[in-house]
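Peer 1: Single-letter residue listing:
There are 2 protein chains.
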Amino acid sequence: MVANLGAMDQNNVVVMESELRSLVEQIFIKLGVPLIDAQTAADVLVTTDLRGVESHGVSGQFSSYVEDYRNGITNPDPVVTIVRETSASANLDCDKGLGIIVAPKAMEIAISKAAVQGVGMVTMHNTRHMGMASYYAMMALEKDMIGLSMTSAGPSVLPTFGAIPRLGTNPIALAAPTSQENPFVYDAATSVIASNKIDIWKRSGKKIGPGLVADMFGSPIMDSLDPNDYVGPALLPLGTTRELGSHKGYGLACMVSILTGILSGGGFDSFPGRPNYYHMVAAYKIEAFTDVSIFKSTLDDFIVALKNTPPMPGQDRVLVPGQKEWEVFEHRKKHGIPIHKDVINWLKHTCQELNISMNFQ
Amino acid sequence: MVANLGAMDQNNVVVMESELRSLVEQIFIKLGVPLIDAQTAADVLVTTDLRGVESHGVSGQFSSYVEDYRNGITNPDPVVTIVRETSASANLDCDKGLGIIVAPKAMEIAISKAAVQGVGMVTMHNTRHMGMASYYAMMALEKDMIGLSMTSAGPSVLPTFGAIPRLGTNPIALAAPTSQENPFVYDAATSVIASNKIDIWKRSGKKIGPGLVADMFGSPIMDSLDPNDYVGPALLPLGTTRELGSHKGYGLACMVSILTGILSGGGFDSFPGRPNYYHMVAAYKIEAFTDVSIFKSTLDDFIVALKNTPPMPGQDRVLVPGQKEWEVFEHRKKHGIPIHKDVINWLKHTCQELNISMNFQ
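Chains A and B, in that order, give the protein sequences. For the record, in the first sequence the residue sitting at position 191 is 191 according to this note's numbering, with numbers rising by one throughout. For the record, in the second sequence the residue sitting at position 116 is 116 according to this note's numbering, with numbers rising by one throughout.
None of these hints come from the bench; they were simulated from the model. Among these hints, one or two may not hold up.
All copies of an identical chain are treated as equivalent in the list; a pair is satisfied when it fits inside any one copy or across any two copies.
[What the hints assert, rightly or not] Dumping the calculated SDA-like pairs for lysine to any residue here, alpha-carbon to alpha-carbon at most 20 Å:
no. : residue 1 : residue 2
1   : Lys341    : Glu17
2   : Lys296    : Val83
3   : Lys96     : Arg84
4   : Lys307    : Thr241
Build the full structure now, drawing on both the sequences and the hints.
Peer 2: Rendered as structure tokens:
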């Protein structure tokens, strides 16, 4: 879910990127994360908020990361080991490291392999939450590569016809470079919605729309629902019902489980007895397949053709994947990031506990 | 759409696999296709019908292939050229060759590269229809690899909010090997339905269900529709509406366009002035990432966990991707393939024209 451009709301405090970055970095350091990793983690989280992806940034995920460092579930200073490797692939044991810290390292490996072999692909196991998957895919852009990333998580999504969640929201992200247009950036769960959307709707007093979740028996709820009445986790795969193709969203979620958890030797979404996060990143060097300039100009043409599609009645325009996020990004870079007062209060409280001075309120 | 197990229907003739294979092969040969390619093409088409994927087999696609050979759109004896290559990647100019003939060659290249480098990825341009995408993904299974394939086609699918089709149905297929269970095989369009489903519904007198297509102004039709009243192409991306996540199906379709058409230097779905088919296949060698035996047993466990999910009210069981197709495959291997009498009549007519004797009626 991409936020609006950050229009003032009495429940929000607007914070400039640099202030937020500095604070997040300090918190990671206080939790035992080495400086360079803390900088990486802060960049992933703040970039996420700059792009308006509230559900995965400082507002949506940071508190759970802090909690998991404190209760020992996440290792602040992991020793990442390459357990298998070829010239084009690697599998990493991430030593309980946080995904937003280890996945950038994995993507660097994938990019360096793709630079030589044309393709690089790296799986990760024994790791934690990956945050916004497109961050790692986007690392490929400046190298004139296509970036791909996916991650599987603990079960919150029902298989088609199922009454118990067996799959994570298992997003897929792909970034591809352009010449004139903003880069193509796709990033979405294979479920109808990501699970933390429900918390955001609770906070904002919004209803859960029809067809997004199931009832406690697994039947899709086709009316609006108060988020406080939701008995989850019972998210639906993309497609909502079998008739509308939920077996496709379900199958894509399984595909992500296979390419992340099972291929990395880690397990799968509902594998018992552990935090089930597994990731995969890949880089494809465009020059290995075609001219970079032709690729970029053709992708420009594709994006322009999509944008110029006449809209259906009631709509102003056709968007392309990532467009809304680029628009929010440009705005928030200049005007700051709106953060809900509940999150500000949590930050204050955390800073007090960790003995960090906080420069904004 | 997977057919039922082939229950007798007065409109169907049941044909044994070997008879159908032989006939299809002879037709390809008469159209100028070399023997070995004709055998490959027949295997792809008959395997598709054996798996119950009517929309892409002899019943669904063969007549259009024959027509395109006859009118010179498809080259019966293409010289496939590797235009760029690295140790892990290749891009093929397919010389107007039919996808079901050139994609197996591409997958063999991907597999041979993955055998050495862990990963192999091959793009294809200047080609024609790919048929059932999972055929090529499944070629990886016996090599203890994961197979991936995708293809983009001419525009029939609306972007979210758009009134004019800009995207193909752009399917993604993934196959992964197991030990005890049937292999995992996912294969589905990124649109709610594949376009030739509508022809099949016309033939069988079925209605188009709600939420599968749009009206001529781009608005999703949320009631049932007589297929004869459908003014297309105006298929909807997986997700149907923006509220139900159609921007995800739309974004996945774009991802396929990028990894097939644009990365191969060919173009994109709505690129003007040519038959816009582009493909990509990839192979991932499991041993490069983890132990093959662990991978297979974990995938078995995953499949069993999914199958054992308690069903929602009104459903008997939870299926896994490819399960229904395996069940149909087993049945049709033994009992034959039901083919609609209209298709039989077309086969008869074609055999007469090509001076081939047909052993079943």
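Peer 1: Tell me, please, which holds for lysine 307 and threonine 241 at an alpha-carbon limit of 20 Å: within, between, both or neither?
Peer 2: between (29 Å within a copy, 18 Å between copies)
Peer 1: Pop the pair lysine 96 and arginine 84 into one bin, within, between, both or neither, using alpha-carbon distances up to 20 Å.
Peer 2: Only inside one copy: lysine 96 and arginine 84 sit 18 Å apart there, 40 Å across copies, limit 20 Å.
Peer 1: Regarding lysine 296 and valine 83, is the shortest C-alpha distance of 20 Å or less found within a copy, between copies, in both, or in neither?
Peer 2: Answer is between; shortest inter-copy Cα gap is 19 Å, intra-copy 36 Å.
Peer 1: Could you figure out if lysine 341 and glutamate 17 sit no more than 20 Å apart (CA to CA) within one copy, between two copies, both or neither?
Peer 2: The answer is within: 17 Å in one copy meets 20 Å, while 67 Å across copies does not.
Violated hints: none; the structure is consistent with every hint.
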